[in-house]
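Student: We have chain S already, so just place chain D on it with the hints.
Each chain is listed here by its residues.
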Amino acid sequence: MNKTVNINLAGIFFHIDETAYAKLQNYLESIKRSLTNTQGQDEIIADIEARIAELFNEKIKTDRQVIGVKEVDEVIAVLGQPEDYMLDEEIFDDEPVQARYKNIRKQLFRDTEHSYIGGVSSGLGHYLGIGAVWVRLLWILLTILSSGAFILIYIALWIFVPEAKTTADKLSMRGEEVNISNIERKIREGFDDVSGKMKNVDYEKYGHQARSGASNAAKGVGSGILFLLNIFVKIIGIFILLVAGTTLIGLFIGLFTVGTFGLIDTPWTDYVEMAAIGAPIWLLSLLIFFAVGIPFFFLFILGLKILVSRLKTIGTTAKLVLLGVWLLSIIGLAIIGIQQATQRAFEGEVVITESLPVTPQDTLYLAMQHDTRYGSGINRGAVTIKYDENDNKIIYSTDVRLVVRSTKDSVGRIEIVKMADGSDFRDARDRAEQINYKTAYTDGRLLLDSFLTSDAGNNFREQEVRVTLYLPEGMVLYADGNISSFHRSSDYYGNILTYNSVEKYLTIGENSVICDNCSTEEDEWENSTWDEETQENETPAETEPDSIFEQVEININADGVRIKENDQHTLTLNKKGISFQRS
Amino acid sequence: MKIENTKAQMRKGVLEYCILSVLRDNDAYVAEILETLKDAKLLVVEGTIYPLLTRLKNAGLLLYRWEESTGGPPRKYYGLTDTGREFLKELTYTWEELQTAVTIVTTQKNKNHE
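Sequences listed follow chains S and D, in order.
This note's numbering applies: residue -9 is where the first sequence begins, and numbers increase by one.
This note's numbering applies: residue 4 is where the second sequence begins, and numbers increase by one.
Here chain S stands alone, though its shape is the one from the complex (with noise of 0.2 Å):
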């Protein structure tokens, strides 16, 4: 008992036998395939299946009568096997020559009847010559290496390399010669009986044939070029395949994680908000993703079409939609950058001065200081979205210079220039203005803001503050380690601190400064090794002026806390209560 199918010759219906209709489509297949480089394939194709429904026609009796293995291969008797459809070149030389060198040329297919997946990496072995298990490994390693992105890459091949479907195919994807004798003999061997499955193929010896023949192209001198030439395209081919691939991964990545739904909350994602583009982070993020993506995704088809001879096409309307998708977000990030340059077309900026009331006499402390509601660290950095107390949005930005000069006046002060952009002078001085940033004196202690804030419907339009400190000649500077990175590449400003000037005393002389307690020596790398002498000469715990800034150690704990004054003086609170201890 066999099931039957039902099949339309040329405008006939016929009801085929299962086993018969298996074989009638292997025939008409290889036929097609010695068929490959004439011209007209299709018309032959139609008039030998009108042929075929010819005979059927002839052979069967009543409608009800199904065409079994018997009537095909009668039929097949009669029109001859593959072979006898090839016109031979050299008596009809109108085909290119050449086409049959073609074909000898191993190509890349998947090798579904060998494969755990989608064939991929048992076709690959056959093109490069090695074992699938080697390629899988290879797979397995580069994935994990990776971290999963290669799965794409491997995605991509199963889409766009053909299957390894006729016998032509799979004799093309081993390298070996498509011809009728080789087809005829895998044909004999069962390559393709009903199933479709192939028996024990040996692999040796296909790979030792394709191996031969490769030694055999190469033996003339003019193949022998053609060959390395062959190489070196592909070599090419992998190399843009390669760069294509992974730039993909790593748009693609991108679009989910920090584009669309926000997963990552990066610094960039803020400054889109802030810079109010006009336009969601959403649709910036596609819009960059295509006008990147689709230039890498013709470069990736590029690719796999030197290596895959016979790649499946994209077709046409897919490359035009794809052309028309870049071209509109090429223009839409455009419109976007023009926007955003015209916005910022205008600097403006505001000064404010504020009185510093310190005379030369005085020693002044100097500190950044933050507001730990909007973080912890003091240094400058990213600009990013906060919340202040009121759960309101703000621009939160460090991007703030310090300045410090030496004045001849006999009082010091503060000079604050706000700066933002806008689009006319106007819009960018009131936007320096709805910057927010305070200093604080108190008994010799300056405390500089490290941040500076501004509302968000002020739009991020490069905001920074520069604060100059203006310190009367003769006075002394103690300055805290954390204004390091704030006045680091003032010297333009007329900056008088040093990379090293920080946490050491340090008199105000005219347009420089005087390290009082430290050696003669500027640098502090060889100073270190003098430490000794140094020691010895000066006594820096004498000449600290003022109790204040001597060296504190405070500990708490469980217990309770103890704050140590230059190993000297003890104050301890806990339990028991206060107690104060003077060695």
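Misleading hints may appear alongside valid ones.
To be verified - Simulated pairs of lysine-lysine, DSBU-like, Cα-Cα distance not exceeding 35 Å: (1) S/Lys96 <-> D/Lys44; (2) D/Lys79 <-> S/Lys(-7); (3) D/Lys10 <-> S/Lys13; (4) S/Lys22 <-> D/Lys44; (5) S/Lys51 <-> D/Lys79; (6) S/Lys554 <-> S/Lys398; (7) D/Lys60 <-> S/Lys22; (8) S/Lys22 <-> D/Lys92; (9) D/Lys44 <-> S/Lys(-7).
To be verified - Cβ pair distances, simulated, as ranges: (10) S/Asn(-8) <-> D/Glu71: 28 to 36 Å; (11) S/Val311 <-> D/Glu7: 52 to 60 Å; (12) S/Val311 <-> D/Ser24: 52 to 60 Å; (13) D/Pro77 <-> S/Ile215: 46 to 54 Å; (14) D/Ser24 <-> S/Arg54: 38 to 46 Å; (15) D/Asp28 <-> S/Val68: 20 to 28 Å.
Note that these hints are calculated values from the structure, not bench results.
For glycine and all other residues, C-beta sits at the position ideal for the given N, C-alpha and C.
Tutor: Frame of chain S; chain D shown alone:
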């Protein structure tokens, strides 16, 4: 070298000429052309003729028209074009020359053997 291959090549060589000759006087559809050729034992299997007909048609030597048939699929009726007739004339001339030449050569050989 297989004798079958040589035989097949010899036959294929004259096949174009024969197809054109079959169509000299009246149009015919594929099965009719095949019948004539098979009767003359020029063709063992039918496969060869399909690519050949398409080639001749593409070269502008043949034309075809569709005709309905009773019971079977519609048939392609082939006929010669003017170029095809010219081509056939040339081929006929060449064939006659070739025939004479082959006869001369083969009989000469026979003489040498005797």
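Student: Determine for every hint whether it applies to the structure shown.
Tutor: Consistency of the hints with the structure:
1. S/Lys96 <-> D/Lys44: Violated - the C-alpha atoms of D/Lys44 and S/Lys96 are around 40 Å apart, more than 35 Å.
2. D/Lys79 <-> S/Lys(-7): holds (33 Å)
3. D/Lys10 <-> S/Lys13: Holds: D/Lys10 and S/Lys13 sit about 29 Å apart, inside 35 Å.
4. S/Lys22 <-> D/Lys44: holds (26 Å)
5. S/Lys51 <-> D/Lys79: Within the cut-off at roughly 24 Å; holds.
6. S/Lys554 <-> S/Lys398: Between S/Lys554 and S/Lys398 the Cα gap is close to 39 Å, so the pair fails against 35 Å, i.e. violated.
7. D/Lys60 <-> S/Lys22: Distance of about 19 Å is within 35 Å: holds.
8. S/Lys22 <-> D/Lys92: Given that 35 Å is the threshold and the Cα spacing comes to 33 Å, the pair holds.
9. D/Lys44 <-> S/Lys(-7): violated (39 Å)
10. S/Asn(-8) <-> D/Glu71: 28 to 36 Å: holds (33 Å)
11. S/Val311 <-> D/Glu7: 52 to 60 Å: holds (54 Å)
12. S/Val311 <-> D/Ser24: 52 to 60 Å: For S/Val311 and D/Ser24 the Cβ distance comes to about 54 Å; the hint holds.
13. D/Pro77 <-> S/Ile215: 46 to 54 Å: holds (52 Å)
14. D/Ser24 <-> S/Arg54: 38 to 46 Å: holds (43 Å)
15. D/Asp28 <-> S/Val68: 20 to 28 Å: holds (26 Å)
Comparing the model with each numbered hint stated earlier shows that hints 1, 6 and 9 do not hold.
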